[in-house]
Amino acid sequence: MMNDSLFSLVCAGEIFELKAELNSDKKEKKKEAVKKVIASMTVGKDVSALFPDVVNCMQTDNLELKKLVYLYLMNYAKSQPDMAIMAVNTFVKDCEDPNPLIRALAVRTMGCIRVDKITEYLCEPLRKCLKDEDPYVRKTAAVCVAKLHDINAQLVEDQGFLDTLKDLISDSNPMVVANAVAALSEIAESHPNSNLLDLNPQTINKLLTALNECTEWGQIFILDCLANYTPRDDRESQSICERVTPRLSHANSAVVLSAVKVLMKFMEMLPKDLDYYGTLLKKLAPPLVTLLSAEPELQYVALRNINLIVQRRPEILKHEMKVFFVKYNDPIYVKLEKLDIMIRLASQANIAQVLAELKEYATEVDVDFVRKAVRAIGRCAIKVEQSAERCVSTLLDLIQTKVNYVVQEAIVVIKDIFRKYPNKYESVIATLCENLDSLDEPEARAAMIWIVGEYAERIDNADELLESFLEGFHDESTQVQLQLLTAIVKLFLKKPTETQELVQQVLSLATQDSDNPDLRDRGYIYWRLLSTDPVAAKEVVLAEKPLISEETDLIEPTLLEELICHIGTLASVYHKPPSAFVEGSRGVQHKRLPGSSVESPDTGSAAGVSEAPPAVIPSQGDLLGDLLNLDLTPPTTTGPPPPSSGMQMGAMDLLGGGLDSLVGYLHSTVWLPAMKAKGLEISGTFARRAGVIQMEMTLTNKAMSVMTDFAIQFNRNSFGLAPAGPLQVLTPLSPNQSIEVTLPLNTVGPVMKMEPLNNLQVAVKNNIDVFYFSCQYPISMLFVEDGKMERQVFLATWKDIPNDNESQFQIKDCHLNSDAASNKLQGSNIFTIAKRTVEGQDMLYQSMKLTNGIWVLAELRVQAGNPNYTISLKCRAPEVSQCVFQSYEAVLKN
Amino acid sequence: MIGGLFIYNHKGEVLISRVYRDDIGRNAVDAFRVNIIHARQQVRSPVTNIAHTSFFHAKRSNIWLAAATKQNVIMVFESLYKMCDVMAAYFGKISEDCWTPKENTVLTGNILDFGYPQNSETGALKTFITQQGVKSQITSQVTGQIGWRREGIKYRRNELFLDVLESVNLLMSPQGQVLSTNVSGRVVMKSYLSGMPECKFGMNDKIVIEKQGKGGRSEDGGKSSKQSIAIDDCTFHHCVRLSKFDSERSISFIPPDGEYELMRYRTTKDIILPFRVIPLVREVGRTKLEVKVVIKSNFKSSLLAQKIEVHIPTPLNTSGVQLICMKGKAKYKASENAIIWKIKRMAEMEESQISAEIKLLPTNDKKKWTRPPLSMNFEVRYLKVFESKLNYSDHDVIKWFVTSDEVESTRCAADAAGADEKKEGCPVTSSSSSSLLLFLLSAL
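Line order of the protein sequences matches chains A and B. Mapped onto this note's numbering, the consecutive letters of the first sequence carry residue numbers 1 to 894. Mapped onto this note's numbering, the consecutive letters of the second sequence carry residue numbers 1 to 444.
Some hints here could point you the wrong way.
[Stated by the list, open to error] Here are the computed lysine-lysine pairs in the DSBU-like style, where the Cα-Cα straight-line distance is at most 30 Å:
1. 244/B / 206/A
2. 359/B / 327/A
3. 765/A / 812/A
[As the list claims (entries may be wrong)] A short, non-exhaustive set of chain B residues, derived as facing chain A with CB atoms under 10 Å:
4. 20
5. 71
6. 118
7. 232
8. 240
9. 290
10. 363
Derived from the structure by calculation, the hints contain no laboratory data. Given the structure is predicted, the values throughout are model-derived calculations rather than measurements. Cβ atoms here follow ideal geometry from the backbone N, Cα and C, with glycine treated the same way.
Chain A on its own, in the form it takes in the complex:
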């Protein structure tokens, strides 16, 4: 009854009344009034107007009243910073109160008052409290440092609180240690590079001791902190694991999950043949299963985490399939997650049971669940080949139920099964066709159309079926439209005589009546193909399709590694890295598992940063420069006014620059200085764009007179480079003007071996004179697009080329990991054929082909953490090796 009155509405009159009561002389009345104020506050009503009156009640010996007033302060101090200063004196006094509860209360409240003005006053009391004799005060003060850091990080550092906090890790009281660890971990998150949590074997030992003694929440803080430590060797990680495993029997599931995280991480360090490794794997399973008998919300969290663990280490739970069977009264979110894990654990050994279960689920009531179950049957078929037949027959049974969404879902997965096992189950097509009319979802319609098109030759009335879809072509979703277009083209190629009309109809629908560019383009491509070369069309459209892979929804390995480091946290529930949902810098540094062959995060990010900007910025600068030049061009020149051409060049450069960043930006060099060429300056660079070698030159007129009549010629060179056309400088070049020219090159010119190999001698002529210069081109522009060797051929060739032709080089200071390097090199037509990891060293096998047909084979060795790569090159013409090495270096460092 009394509560009801406390929760009643605060209106203006009541505020006034409360004010009077707060200022009353009677202690009891005051207390009741404060209670009423707090009651209103907790339910979210605004009682900030009473601030001064409540603060006046602060000076009291009554602990209960004090607590209430402090609570009020925490809430409203921010909205009334000036008034909050009134409270400072009381805080300072209370921090010296003989009662530790009051000291702790004061220091806790202090930290919650997020007003910049008063933080300075709080430093002294906080310092005292951090060294308080009572552990309760110390532990509260430790958290207060984190609060203060949140308000004013600089202040905390200047006042040396961080060091005091570090000292608290060695405190005799486990709870103080735990809170200090929690505070330090949080502060460290906003300073990713600082060495705040200096974890060394001594501190780890202290933490492990405190782990046994502190509260369950403290254990979580400590375990989370331990997970950030990287042990020196496998022995250390084993000893930590041994001391953490008992936590798996804790009743608090958050403790269990944190312990699982530590073990999963440190397990990476243990050699697999170690007995202890096997024991640990066995020990992990029971606690994970036990989590599934907890409350449904916790089950959900556990299942999301188990999903990650199963992907990383399927062996842990492979015998526990049964515990993931869905129960009648599981909430839907638990059911869906269980289903997901069942598929991941499905194997030949348990597939019969799984299928029987899935079949049951497909008859349940919840639509989402049923759909997922049907889809799961399809995934089982794809995953476990032996079960495919049973899966297909189960799916057919389900189609017989005629339940609309079951049928549609079944058709979608049967399409995938066809892709995985071609020419095996096509007998079911007839059954599928019977259900054509009931399909109303785009995905199912598209799947059905794909099936009809793909197997048109086996379906007698394929043309009728497809024609029926064509009637409502414009009302279909894009997915269906595209599929229908392709299917009809396939049909036409298979049965050209009967379906000519149909194909024309669909092509005109797609190209003429559609607003969708994708559809139109696809339509035009088919049209062009069919009209020019039907044989080629057949090869393109009816090409053999690659088989689909087993598991389609696995989490990408690097993300998985990161998520394993976040087991038990929100990230593991979302299956997203923290950076995806945490705003700001806090807690977003990427975590990696130890022992995995990726470089340390610092160098990774550094490389990432240095990589991107230079590629784009110079080109923008160029454009700007051009426009400026344009404006400054003296109008006294003869000939047509240059703006338009200048504009065009500028625009071209923008595009060129954009592409550059893809290929790897090459800095242009001055080839011909103005002094040597009577005022003509030529600078330029070489590039390969879309298979065409280009020479990009900037011609600048630094003389006093106009230049015209440009022409260019090459001397004979090693690879027969020659201009593919005349130098396109159409407008006369006025003084102080520069122009950019792109000259396409071919490699059919006369050949003569040059020294160095990539030397090119060029002659440029204008109305003044002929000038000669020589430049060196990167050999990488001669690497052709079809330079990817077959694996087998590569092996044979590598053996075939004599060892004398092998040369070895070092590439220094390159901070890319092997995958990034491989991607980068691919951009320059250096293709990675195979990758092998031996003792933490990645070996990339690569091939490239020069325009004159010379193959170069390479073996690139990348060691994690070592910025120096080793490269061995093998080629039948060993002379090119040096140049190839140089272009490797250029590509990788750009």
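Take the given structure of chain A and dock chain B to it, following the hints.
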């Protein structure tokens, strides 16, 4: 860490809103209400992200608990549950009335500081609330190694009650094949002991954890009387020294005062189901349903099951039920949408049967009846006490409440069995059809 804690009643009215961190705006309270409590659809996940804020929520008897955060936090459900436990312990039950300003101030302040969970020991928090004087031991208690117990507790009579509650979970295929069974047991203790007693429980030697046992289980598996029980996994209350259990398999602890759950265990091996329930459901047209349920007892001759109660769910549109049962009494309870069938006692290997004819009202509802599982409760009195040479008095009242539910024709998800036995300060051996635990109590 947790940025804000919001508690609502079932209507979505705020009972408590506490913001611990600045990154949680005041509008988060409303965001949760609008998107979750008042959401049109069923909530599909207990963790949701609304406008870059993540909410964890749980519902306990009409009360919504929600924790909001913008960071990558550890799982906070445990803290929410603990908060409920504390409330329940303090007020006897969780309801709207629990959240009065005085208590919630202290509780929310001490349970969470800056979003960090701090203390959730019911006993200690009670002391916080009643705290008045200047001199107190509470600070050293909550930070010390034994945060769950205060010093200087005195009882004239030292008593320790031990309840073993077991539930059998059974999953059965529609063909009646048992897919999986497990027994999950809880050991609940009530201790009223003086001082700082060090308690030690030894596990029965035959209890083997994780198949580590030798003793040739597979060979003498047939001798069910001397059967050993393999416990798959167990978890312990915070007070148990886990490292000691890990190394010596002994459960040693200083108990909290009052009632608490000491341990949970789970076994899957050699479970003999005490009853078999065979349901048959036949739909006769749209307005009639025939149900037949057979139960068979399946336990040792020395045992007797009592107070058997079978709960048979009926469709929502039931208009009338006709019942015929061979044994016991049965009744249709419209308020529970179920037929309740009660049998006083059943001996070993007995069989009983009920058949019901359910008349249904014709409905337009196309959704088919979900066929919820049947459930069943019973008691088994059975206990042997060893070690009577120790000088403890014991009482003879030992009760087993074994509840079991099984399902009907489509799908079985049975949740079953609870055993409850009460002993006063004595070593206890409890043994059931499914598991056998021996507790040795020493050093009181």
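- Message: Does the closest beta carbon of chain A sit nearer than 10 Å to the beta carbon of residue 118/B?
- Response: 6 Å, holds
- Should the interface hint for residue 232/B be scored as holding, given a Cβ-Cβ cut-off of 10 Å against chain A? 5 Å, holds
- Message: Between the alpha carbons of residue 765/A and residue 812/A, is the straight-line distance 30 Å or under?
- Response: Roughly 41 Å between the alpha carbons, so the hint for residue 765/A and residue 812/A is violated.
- Message: For the restraint on residue 290/B, tell me whether the closest CB of chain A is nearer than 10 Å.
- Response: 21 Å, violated
- Message: Please check whether residue 71/B passes as an interface residue: C-beta within 10 Å of a C-beta belonging to chain A.
- Response: 6 Å, holds
- Query: Should the hint that residue 363/B touches chain A count as held when the rule is a Cβ pair under 10 Å?
  - Reply: Hint violated; residue 363/B Cβ to chain A Cβ min 16 Å, cut 10 Å.
- Supplied contact hint for residue 20/B, tested at 10 Å Cβ to chain A: 8 Å, holds
- Proposed interface contact between residue 240/B and chain A, which counts if any beta carbon pair is under 10 Å: 8 Å, holds
- Message: What's the verdict on residue 244/B and residue 206/A, does the C-alpha distance respect the 30 Å limit or exceed it?
- Response: 18 Å, holds
- Query: Are the Cα positions of residue 359/B and residue 327/A separated by 30 Å at most?
  - Reply: Since the Cα atoms of residue 359/B and residue 327/A sit roughly 28 Å apart, the hinted pair holds (cutoff 30 Å).
Hints 3, 9, 10, counting from the list given before, are not met by this structure.
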